[in-house]
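Protein sequences, first through last, are from chains A, B, C, D, E and F.
For what it's worth, our numbering labels the leading residue of the first sequence as 506, then goes sequentially.
For what it's worth, our numbering labels the leading residue of the second sequence as 506, then goes sequentially.
For what it's worth, our numbering labels the leading residue of the third sequence as 506, then goes sequentially.
For what it's worth, our numbering labels the leading residue of the fourth sequence as 506, then goes sequentially.
For what it's worth, our numbering labels the leading residue of the fifth sequence as 506, then goes sequentially.
For what it's worth, our numbering labels the leading residue of the sixth sequence as 506, then goes sequentially.
A couple of the hints might just be wrong.
Intra- or inter-copy, both count: the list cannot distinguish identical chains.
Once the Cα atoms are required to be at most 25 Å apart in a straight line, the calculated DSS-like pairs of lysine-lysine come out as [stated by the list, open to error]:
1) Lys717 - Lys617
2) Lys814 - Lys717
3) Lys546 - Lys756
4) Lys717 - Lys618
5) Lys814 - Lys711
6) Lys617 - Lys814
7) Lys711 - Lys618
8) Lys717 - Lys801
9) Lys546 - Lys814
10) Lys717 - Lys788
11) Lys711 - Lys546
12) Lys617 - Lys756
13) Lys553 - Lys814
14) Lys814 - Lys636
15) Lys788 - Lys814
16) Lys553 - Lys812
17) Lys812 - Lys618
18) Lys587 - Lys546
19) Lys788 - Lys546
Hints listed in this document are in silico derivations from the structure and should not be mistaken for laboratory results.
There are 6 protein chains.
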Amino acid sequence: MAWINEFSDNQRVFAQLLVTNVTRGVTGNNLAYLTVSFQDKTGTIDGKKWDVQVEDNETYQPGHIVEVTGDVIMYRNSLQMKIISGRLLDSSSVDASRFTMSAPVERDILEKKLAKYLDSIADPDCSAIVKNLVAQYYDRFVVYPAAVRNHHEYTSGLLFHTLSMADLAEQIIVCYPQINRDLLISGILLHDIGKTVELSGPIIPKYTVEGKMLGHISIMDSEIRRVASELGITSEIPMLLEHMVLSHHGKQEFGSPVEPLTREALLLNIIDDLDAKMVILDKAYAATVEGEFTTKIFPLDERTFYKMKSK
Amino acid sequence: MAWINEFSDNQRVFAQLLVTNVTRGVTGNNLAYLTVSFQDKTGTIDGKKWDVQVEDNETYQPGHIVEVTGDVIMYRNSLQMKIISGRLLDSSSVDASRFTMSAPVERDILEKKLAKYLDSIADPDCSAIVKNLVAQYYDRFVVYPAAVRNHHEYTSGLLFHTLSMADLAEQIIVCYPQINRDLLISGILLHDIGKTVELSGPIIPKYTVEGKMLGHISIMDSEIRRVASELGITSEIPMLLEHMVLSHHGKQEFGSPVEPLTREALLLNIIDDLDAKMVILDKAYAATVEGEFTTKIFPLDERTFYKMKSK
Amino acid sequence: MAWINEFSDNQRVFAQLLVTNVTRGVTGNNLAYLTVSFQDKTGTIDGKKWDVQVEDNETYQPGHIVEVTGDVIMYRNSLQMKIISGRLLDSSSVDASRFTMSAPVERDILEKKLAKYLDSIADPDCSAIVKNLVAQYYDRFVVYPAAVRNHHEYTSGLLFHTLSMADLAEQIIVCYPQINRDLLISGILLHDIGKTVELSGPIIPKYTVEGKMLGHISIMDSEIRRVASELGITSEIPMLLEHMVLSHHGKQEFGSPVEPLTREALLLNIIDDLDAKMVILDKAYAATVEGEFTTKIFPLDERTFYKMKSK
Amino acid sequence: MAWINEFSDNQRVFAQLLVTNVTRGVTGNNLAYLTVSFQDKTGTIDGKKWDVQVEDNETYQPGHIVEVTGDVIMYRNSLQMKIISGRLLDSSSVDASRFTMSAPVERDILEKKLAKYLDSIADPDCSAIVKNLVAQYYDRFVVYPAAVRNHHEYTSGLLFHTLSMADLAEQIIVCYPQINRDLLISGILLHDIGKTVELSGPIIPKYTVEGKMLGHISIMDSEIRRVASELGITSEIPMLLEHMVLSHHGKQEFGSPVEPLTREALLLNIIDDLDAKMVILDKAYAATVEGEFTTKIFPLDERTFYKMKSK
Amino acid sequence: MAWINEFSDNQRVFAQLLVTNVTRGVTGNNLAYLTVSFQDKTGTIDGKKWDVQVEDNETYQPGHIVEVTGDVIMYRNSLQMKIISGRLLDSSSVDASRFTMSAPVERDILEKKLAKYLDSIADPDCSAIVKNLVAQYYDRFVVYPAAVRNHHEYTSGLLFHTLSMADLAEQIIVCYPQINRDLLISGILLHDIGKTVELSGPIIPKYTVEGKMLGHISIMDSEIRRVASELGITSEIPMLLEHMVLSHHGKQEFGSPVEPLTREALLLNIIDDLDAKMVILDKAYAATVEGEFTTKIFPLDERTFYKMKSK
Amino acid sequence: MAWINEFSDNQRVFAQLLVTNVTRGVTGNNLAYLTVSFQDKTGTIDGKKWDVQVEDNETYQPGHIVEVTGDVIMYRNSLQMKIISGRLLDSSSVDASRFTMSAPVERDILEKKLAKYLDSIADPDCSAIVKNLVAQYYDRFVVYPAAVRNHHEYTSGLLFHTLSMADLAEQIIVCYPQINRDLLISGILLHDIGKTVELSGPIIPKYTVEGKMLGHISIMDSEIRRVASELGITSEIPMLLEHMVLSHHGKQEFGSPVEPLTREALLLNIIDDLDAKMVILDKAYAATVEGEFTTKIFPLDERTFYKMKSK
């Protein structure tokens, strides 16, 4: 069994792979073929199935796990697989963790870190609200991705991004002691939990109907209000947390109904943006040679970044 | 006792007036004076109090009701009052309805019309949610203004605007029977109830802290979600109503976190906009002579509109 | 003879079809092929002609009517036809109405409705101008489409859209009696007649040189001025009608040299926009399953709309 | 009798002046005063009339000519006049040319130059249309300003600007012989004649109702179409001239319903813009010391320009 | 001798003050007066000099130091001084540090910190360039403000801001070890040194002619290029430093000719922005009561920020 | 040996061609093929190499000169070549001028014209700076293109464009004698010399790393500052020239860190823009039939221009 990141040009491979997308095409000779996107935990590759048989339509469907034999070739600077044969596997018989990319840190380490941050919140109202909501969404919160593409789009990406933001907040607070630390950490932990409703799941995430119609921002806002009411909290903390969630995209044109109006809401937006950009740059630089420019980076205004030479 | 809309140039007046705003100035000779904005149910006028005495600072404060003697003069095409003397009245001893402008239709007629619309909603989920929320906010809903300025900024303005929108919806539906009437009417009735939390009250309305930090859109969204959950509704109706409230400003840059994605949400935005514009134009035309242009109308892109000649 | 909307997967068909577009391609084997867009009054379909013969270049040209034999297959969720053979027909020998989509209402019903609206205008100046111009452009006005794509892009689409707008205006006037009904109806009837000069014809409409260089707005503006001068009208009605035509795109960036400055001009723009959006949504929803989103709707800011579930 | 450009600080003056604007104010002591804007052919000055008498309201009105005695003082870097007394003159008894600023070239020289340009157009269709329209609007064309403020806002400013543009066109053509000279010169001569309808007159120009509702662009477009039709011209010249007039503001957001789509239309827009900017800069530099920056120049994006040192 | 921050309402004061601005006015009675802006190291206050004498024009000029006797009064929520008399002092006889606000940290502490950062740069090319340029501009670099208004607009504000940014960078690097620390610190130290040419000096800073015409970004870019050439550096470090200076405003519309294209350039922009915002918020919050909103903060999109309640 | 502009449909050709670009593709049958872009001094053509051999990867590389045999066919309104065989030539054995398009004027004529302009600058500071920098960059300045695409993208395009701009400036000066001629001509000669660093060379120009990171504007700005310092010039001329270079893109969003603040800087921007547009239009019109519209012209806002009929 080979992993995708071990495939090389002109190699015959035998592998178990997750199908993430399928499109149908017709050749110049009017013959049908399939373009199948495969994934395992080490990467992704596109395959072509020429000479399509009836049973291929069954085998190659998004979410299926297939045992594939194929020939790998280099095409336009990327590897591609010519599929020779494939056999549909029973999902229950395979280890799902083989097929999904994960955060660069083990999940139980992330969970312990989360627990530590939860314990570190001294303000009783912040603590009660955050603990309640994290508990309620726990199962999804620890496995969901942070986005469908661009950054942290892998299993536990949401938790990894959230904790990186908390780490960054702790560093920045050292320079600006006037920041309300508990409020900022609480806002960070809560701000994107709504994505567990907005997206369909940790594997091949798509937007749900509710996600498109309401958005993760409004969903979480309602949840904070509900929990604060159930907990009987009468301070302004729930309002401040709701405000942080509502404003964390920074501008109305990015989907926030209100713009940040407290120091902590402003910082939440900046920290979210900064951590995402650092991760996006890492990914782009990893695929770039020193002394050259990256390909266009869509979420960085489609700019191409220069990778400096290490001396 | 004179009404403001009866004041004329070069007249001494004696009137009971509500103070809505006060600013302090200093003359070229370094003497203090006050500019006081007054209001009664027939209109507004600015007054100048020269030669300020210590007790004047007590008398002239926003929200106070004052019995004033003054001289009315014409200044830059507007009437202005030179305040001669003023006496602070006990608010409890005067009839508050003397001092606030009201909707052009009697409140009990509006309430009956509202009841009729509530009864007209056949869809059981729409009906349950709308009746519950209208009942909950009833006392404020029937007296609040729709805005702090520009249009429907008077007592019961919110209800008057809401019902005008419902009337307009009924007319438009005749042309497009594919519209879901119950959903549209429900969305119209609910869409701005959040203003009863966003604004401070029917008289001299200001934005509340919660209003600025969360906005009436998010406040009402949370309420629909809460009520639907309490009522145990499992259909997609709550999501569709939430979506209508969230998207009713039409664009993200106008404060909607999502843009309209159903026919009824799109119509809610158009109907809201159209009714507001008609009322704004009425007000501007009322102050304009035939064959001339209005002053700049701020919410209509600061354009000046032409008042055609009646033949 | 089959109609396009009766074609199904894996079917051999024999049909008379209008060619609306032709592009040439080259296969991976360097062989030429044609992609031919066909249309009849029930719909459109794309065909592929492999193995191109010299005479095919003659047969398949935009505007030609061809008797085709072909095999229909499903390709990427759309039907496509593999052309087996085709024979060019003499346009004069076929019934043109077979090949063009029409308004959903019979033309003579539309014409009667138009006559009724013309008779309903009481203001003598409005009436004289509108009747004169409708008469002058009558033959084209009753068959032209309202646009080259997106909405009302079929035979008599211009008239159908114009009358729908008039109907909508009549409904809205009920809520706002201050509207000058005759002026609004006159503006609606005239506003897009310039399209009969801007576009090339009812079938496969294209922009004319004059259409691109002057635009239907300026063309109609000049016509109203000319007719009013010929009729010796001295009231401000011609100016008000010209203003409505000039401003009916609502904003300068959409091609109106002036923005609406009367209530009726503002309404003309809103009614035009609203009716177009309703029709565009109908089309998009018709191709969408309940509980799903439409494809991106270009003229609605490329948003995808949700089709709610009917219970 | 003194001219405004001869007034100096601390001087008593006696002069005949045109009133262009009047506003009323109230002092800190609650006394009325008037701010009167005066003009003669050499410049403008603001005056203050303290201690207002009833007859002053009659004397000081826009358009009146007044014989004034006053004291000139320096106030905030500008001269201002304290009005001592004023006597209303009978307009018919004074020479109007005393009170209006004029183009820097004598009008009859401009008229001769215009005649020469008219004779220089060889293309018969261009020539016929331009001569017809110039003749028709001649009396206004030779005295109107080009704008109500910013540049060429004086008597015959429209003609002066038009001829400067023609001169500039002749120079640029030398570099680009592919330009159609007759078309370009014709477009320049016609492009702003609509201003003679859009504006109220050569003195204290204001926008007319027709000017605001239709704009000089659409007015002239209709005129070219009418004249071409009357002259029986069938070439594409009328369309090309209409296009140049319609597109000469360059962009839709500046009021052109279509953007320039021919070389000559593009040049007309550039030449118009360039000549206006040169004149605006001249005016700003004239009021600025070497080595300093001008005040903010509104039509040049509110930038302040540097006046270089002459060595 | 009183300090400005000790002045209170209804107090006669005697103080040595720096004049920062003077404007002339005329009262309703046509009498001249002066509005004089004063400053000492503890704050600013505006004064009015009524009844202007000839010698007052000499005494009250920007940059002069004046010994003033005056009466302080409260006017529109701010203190104002009625100037009774003033005596011009010889600038050389007074201690300049009395009259200028300073960074909240002593200058010699800042200088030591700067020295430490300079020593911490291990990369030889970075080190050589930064040390050379800091040395060259040292005298100005340690006393200039960072801006003429909004933030760090006091003596040594430029150095204080620069060092705060370096501190923040050190914190952020802990989270992202892939950052090139030497490059980032070098860019931070250099990025705004051009302001010592762009602005006129530490006291009452204004833009110089060169500052307006070239800008501090281009000035510093040229200096890095010159120094690198003089030092004979051939690595890509000079280009990377130039790029950081050129791009540090983040977007072209903010004056950067190129946008950030390296990780360190991107961070420089974010850190600059973040530190400025924190300082701007501090200032606004300091003038605001808990539970209220600040006044509009211009550099934060004119938003008003909420000051949360401390429990 | 055939030239590209002599190729015609259905012709076998034999030619020496420069390869400017190569991309790899895979056919429907999974066979590799190459798309090769060729150029000679008369034009460009794309070729397809089916049935790729190992040595083809060597032969067809950007910058190579290849002797090709192929069959020319018409494909989608453009000629295309099916490559039959190709032989790599030794670059040193062929005349490079065969393969690059050149300015429409001979280079030595351009050089003489440049010399004449250099001699015409009377101002000693302008003259010294311009002569020094032109001399320093002479070899590249006389052969570089002005851009990588759109206009003047051929050998000596930079010089040709520069001299056309100088010619245009001389014409415009006649109308506005207040222009400082020497400053304007100097700015024109210098403004784009930085492109000789920003671009890689006269043939197949690409952006260099330095070009992307700094841009030709900042590069030239630094050079003027350096040269002026070396020449010991103390007048404001160097600052004025730097300002012209920095601001010549007209707006910050087009890459100018400052906007034009002198008459000459403003004119430099306008003249640059005007000459580019005239050349772009020439090219588009040359490929268009009279009475038709050009294809979309990207640098002219993607508009299509109308080519008028010559009578």
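| message | Please list, smallest to largest, the hint numbers that this structure does not respect. | response | 1, 3, 4, 6, 7, 9, 12, 13, 16, 17
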